[in-house]
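Could you build the full structure based on these sequences and the hints that come with them?
Below are the chains, spelled out letter by letter.
Number of protein chains: 2
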Amino acid sequence: MLLAASFCFAQEPGDLKPATSNVLDAQYPKVDGNSRVQIRFKAPEATKVKLNIWSGPKVDMEKQADGFWTFTTPSMVPGLHYYTLIVDGAEVSDPGSTAYFGGSKWASAVEVPEAGVDFYQPKDVPHGQVREIWYHSSVTGAWRHAFVYLPPDYDEQTKTRYPVLYLQHGGGEDESGWARQGKANFILDNLIASGSTKPMIIVMANGYASRVGYVVPDLTGKPFGSPEFMKVMQERMGAFEDDMTQVLIPFIDKTFRTIPDRDHRAMAGLSMGGMQTFQVTFDHLDLFSYIGGFSGAGNPFLTGTKFDVKTAYNGALTDPSEFAKRVHLLWIGVGTNEPERMKSGLESLHNSLDAGGVKHVFYESPGTDHEWQTWRRDLKDFAPRLFQTPSQPASSAR
Amino acid sequence: MLLAASFCFAQEPGDLKPATSNVLDAQYPKVDGNSRVQIRFKAPEATKVKLNIWSGPKVDMEKQADGFWTFTTPSMVPGLHYYTLIVDGAEVSDPGSTAYFGGSKWASAVEVPEAGVDFYQPKDVPHGQVREIWYHSSVTGAWRHAFVYLPPDYDEQTKTRYPVLYLQHGGGEDESGWARQGKANFILDNLIASGSTKPMIIVMANGYASRVGYVVPDLTGKPFGSPEFMKVMQERMGAFEDDMTQVLIPFIDKTFRTIPDRDHRAMAGLSMGGMQTFQVTFDHLDLFSYIGGFSGAGNPFLTGTKFDVKTAYNGALTDPSEFAKRVHLLWIGVGTNEPERMKSGLESLHNSLDAGGVKHVFYESPGTDHEWQTWRRDLKDFAPRLFQTPSQPASSAR
Chain F
311 MLLAASFCFA
321 QEPGDLKPAT
331 SNVLDAQYPK
341 VDGNSRVQIR
351 FKAPEATKVK
361 LNIWSGPKVD
371 MEKQADGFWT
381 FTTPSMVPGL
391 HYYTLIVDGA
401 EVSDPGSTAY
411 FGGSKWASAV
421 EVPEAGVDFY
431 QPKDVPHGQV
441 REIWYHSSVT
451 GAWRHAFVYL
461 PPDYDEQTKT
471 RYPVLYLQHG
481 GGEDESGWAR
491 QGKANFILDN
501 LIASGSTKPM
511 IIVMANGYAS
521 RVGYVVPDLT
531 GKPFGSPEFM
541 KVMQERMGAF
551 EDDMTQVLIP
561 FIDKTFRTIP
571 DRDHRAMAGL
581 SMGGMQTFQV
591 TFDHLDLFSY
601 IGGFSGAGNP
611 FLTGTKFDVK
621 TAYNGALTDP
631 SEFAKRVHLL
641 WIGVGTNEPE
651 RMKSGLESLH
661 NSLDAGGVKH
671 VFYESPGTDH
681 EWQTWRRDLK
691 DFAPRLFQTP
701 SQPASSAR
Chain L
311 MLLAASFCFA
321 QEPGDLKPAT
331 SNVLDAQYPK
341 VDGNSRVQIR
351 FKAPEATKVK
361 LNIWSGPKVD
371 MEKQADGFWT
381 FTTPSMVPGL
391 HYYTLIVDGA
401 EVSDPGSTAY
411 FGGSKWASAV
421 EVPEAGVDFY
431 QPKDVPHGQV
441 REIWYHSSVT
451 GAWRHAFVYL
461 PPDYDEQTKT
471 RYPVLYLQHG
481 GGEDESGWAR
491 QGKANFILDN
501 LIASGSTKPM
511 IIVMANGYAS
521 RVGYVVPDLT
531 GKPFGSPEFM
541 KVMQERMGAF
551 EDDMTQVLIP
561 FIDKTFRTIP
571 DRDHRAMAGL
581 SMGGMQTFQV
591 TFDHLDLFSY
601 IGGFSGAGNP
611 FLTGTKFDVK
621 TAYNGALTDP
631 SEFAKRVHLL
641 WIGVGTNEPE
651 RMKSGLESLH
661 NSLDAGGVKH
671 VFYESPGTDH
681 EWQTWRRDLK
691 DFAPRLFQTP
701 SQPASSAR
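Each protein sequence line maps, in turn, to chains F and L. According to the working numbering, the stretch in the first sequence is residues 311 to 708, in order. According to the working numbering, the stretch in the second sequence is residues 311 to 708, in order.
The list treats identical chains as one, so a pair stands whether inside a single copy or across any two.
Think about it this way: if two alpha-carbon atoms lie no more than 25 Å apart in a straight line, the pair counts; the simulated PhoX-like pairs of lysine-lysine are:
| hint | residue 1 | residue 2 |
| --- | --- | --- |
| 1 | Lys508 | Lys635 |
| 2 | Lys564 | Lys469 |
| 3 | Lys358 | Lys368 |
| 4 | Lys620 | Lys635 |
| 5 | Lys433 | Lys690 |
| 6 | Lys327 | Lys532 |
| 7 | Lys352 | Lys373 |
| 8 | Lys373 | Lys358 |
| 9 | Lys541 | Lys327 |
| 10 | Lys368 | Lys352 |
| 11 | Lys352 | Lys532 |
| 12 | Lys373 | Lys360 |
| 13 | Lys373 | Lys532 |
| 14 | Lys433 | Lys564 |
These are calculated hints, taken from the structure and not from any lab test. These figures come from a predicted structure and were not determined experimentally.
Below, the structure written as structure tokens:
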């Protein structure tokens with residue numbers, strides 16, 4: 311997340327301002343015009359406070375005479391950066407920050423603006439609404455919560471029906487991620503206002519589900535990748551798939567004025583949500599015709615198999631021309647500064663698809679990591695490509 | 311917040327279960343059948359960890375051999391209890407808890423169920439939606455965010471118009487409070503389903519506002535009640551009042567199918583929100599005819615004046631029979647276990663109103679503190695009394 315810029319680190323940061331991601335009245339974190347971030351945290355009796363703000367080593371904060379600990383980062387890449395503080399071994403959030411659900415907890419994050427870039431800011435354009443819905447799932451036996459973005463004219467155009475994008479968060483996040491961290495609603499407001507993007511409904515569901523009666527084992531001490539963790543993940547992926555296809559989609563089509571067919575239904579997700587997207591859509595090509603994987607696609611973690619375009623996904627890609635007729639968009643993206651394993655995984659998928667003649671879009675987000683700025687840019691590139699296929703019937707009243 | 315029950319404290323708590331307020335998979339906090347709460351928090355190198363869960367002294371947690379610190383409370387009263395942990399002087403949230411905005415930060419809280427009580431739980435009844443809206447305020451010069459509850463049949467009954475309740479959070483909280491902590495949407499779903507309560511729209515706005523150009527001074531080290539704090543509060547109260555009456559209400563009446571008149575507009579709020587309610591409604595009796603103060607009403611903190619029914623609020627209460635014709639409901643409530651100053655303040659207001667012959671409802675929530683269980687019960691008592699005045703025209707299409 312560090313910019314590879316050659317400026318003077320020793321220089322005192324100037325023009326520091328409270329981050330836009332702070333809670334009301336909180337003066338810290340601050341960000342300066344060179345994208346340096348200053349963290350300040352009160353822990354008068356602590357022996358050691360570390361800052362966990364980027365992949366790689368955690369850094370020691372410096373104790374000040376007033377009981378506060380401080381640290382100023384070098385220039386950071388733009389976007390929203392999760393961080394935590396480690397106070398004598400306790401990993402906690404910064405009370406000055408808005409809480410964003412990430413890493414399976416309500417974490418801190420600091421928004422570093424991108425100069426001249428405002429596609430994810432609220433502007434003086436018509437705004438859609440984000441609605442919270444609750445539905446009882448026969449798959450999980452519980453009430454489930456989701457967010458639904460409705461385009462700006464939804465309440466006025468009472469005869470119009472809209473296509474739907476199902477948009478999933480990443481591992482350790484929840485259904486609030488795309489609106490809170492991702493600002494998906496503002497991105498869509500701005501894209502729709504520009505005329506480049508079809509008005510659409512976006513459903514942001516919780517990616518975690520457990521079937522009725524399934525008891526989730528205690529995963530304390532079982533990290534991501536451990537057999538215990540992956541078994542739970544696989545069970546949950548299956549429950550999520552069933553909940554989505556058997557309960558959520560029918561609920562959405564009943565509750566909102568959707569165009570309830572595969573030509574007007576897309577799914578995309580980031581990281582774990584990308585894996586879920588590939589699993590759900592390829593298992594249900596009768597339901598979806600647009601597919602997006604943002605820094606996450608197939609599910610090699612779960613199956614352990616190598617991707618082969620001839621056999622993958624029950625042979626859906628074997629005949630590229632048939633696939634191109636069936637699937638209007640296959641889109642994958644990755645940030646150029648993401649961890650090597652992630653980047654090479656997505657590049658390898660892209661190359662396999664190219665080699666197999668499978669039409670797709672491969673997007674690289676310049677200079678960004680496995681973080682929300684990558685996924686905001688992904689959505690900005692992905693959404694205008696949706697529901698534009700000329701052969702489809704226009705969104706129409708019925 | 312402690313139940314004055316005579317049971318054996320030394321007894322080990324049994325049947326402990328993860329609290330419903332925990333994040334996914336978090337095993338702690340736990341709550342047992344006797345409403346005891348067990349907190350467990352990892353801080354292997356900390357010298358001292360304190361728990362701040364009730365008014366009064368903070369308690370020392372006990373360090374365990376595994377680097378976790380634990381504490382088990384005596385029986386707590388039911389409801390949602392904010393808490394924080396103090397790790398070597400740093401006051402932080404528990405990563406196991408859902409984050410709720412309270413105390414001007416994203417705090418932890420633990421939900422202690424109330425036996426046999428489910429009026430604020432999601433049930434198998436029609437559910438309304440909570441919508442997020444953004445509006446640009448000419449008063450504050452910024453985009454503002456609010457939540458709006460729409461009753462279950464809002465999307466189907468496209469010709470029906472609805473009355474509106476403006477419902478405000480307390481000091482240090484935000485517009486998310488009534489839905490997240492208060493579960494206002496489920497309370498209304500259940501009340502409406504029972505037939506006791508008119509379907510209504512509820513607007514939950516952010517109670518903090520600053521006029522264009524106003525620079526909020528740094529309030530670090532200026533506690534609630536200090537002159538600096540109160541000056542900012544008064545400025546913000548005025549900005550909030552202007553924003554609400556000049557921008558928000560017109561925006562709501564334009565955006566939703568409201569009945570846009572005083573007979574179909576109510577306002578209520580808790581604590582600081584109750585003070586705001588009394589200020590806004592009595593300044594604008596042309597806009598409101600239902601008034602609710604939940605553990606907060608007049609604004610003695612700001613004006614320093616004693617309440618006199620003959621002169622208060624520009625004489626609005628001087629003629630009780632005229633007032634009763636004009637204001638369909640004046641409702642105040644307080645929890646019987648709230649701090650003495652709060653309780654005696656509300657009781658004194660109640661007695662003054664009685665002495666002055668001003669018709670009103672005074673509700674006492676048995677055994678609860680200045681906490682959300684009090685305010686959930688308040689809403690349950692308050693909402694069914696709204697918009698029932700027979701002289702009003704029925705909610706009708708236009």
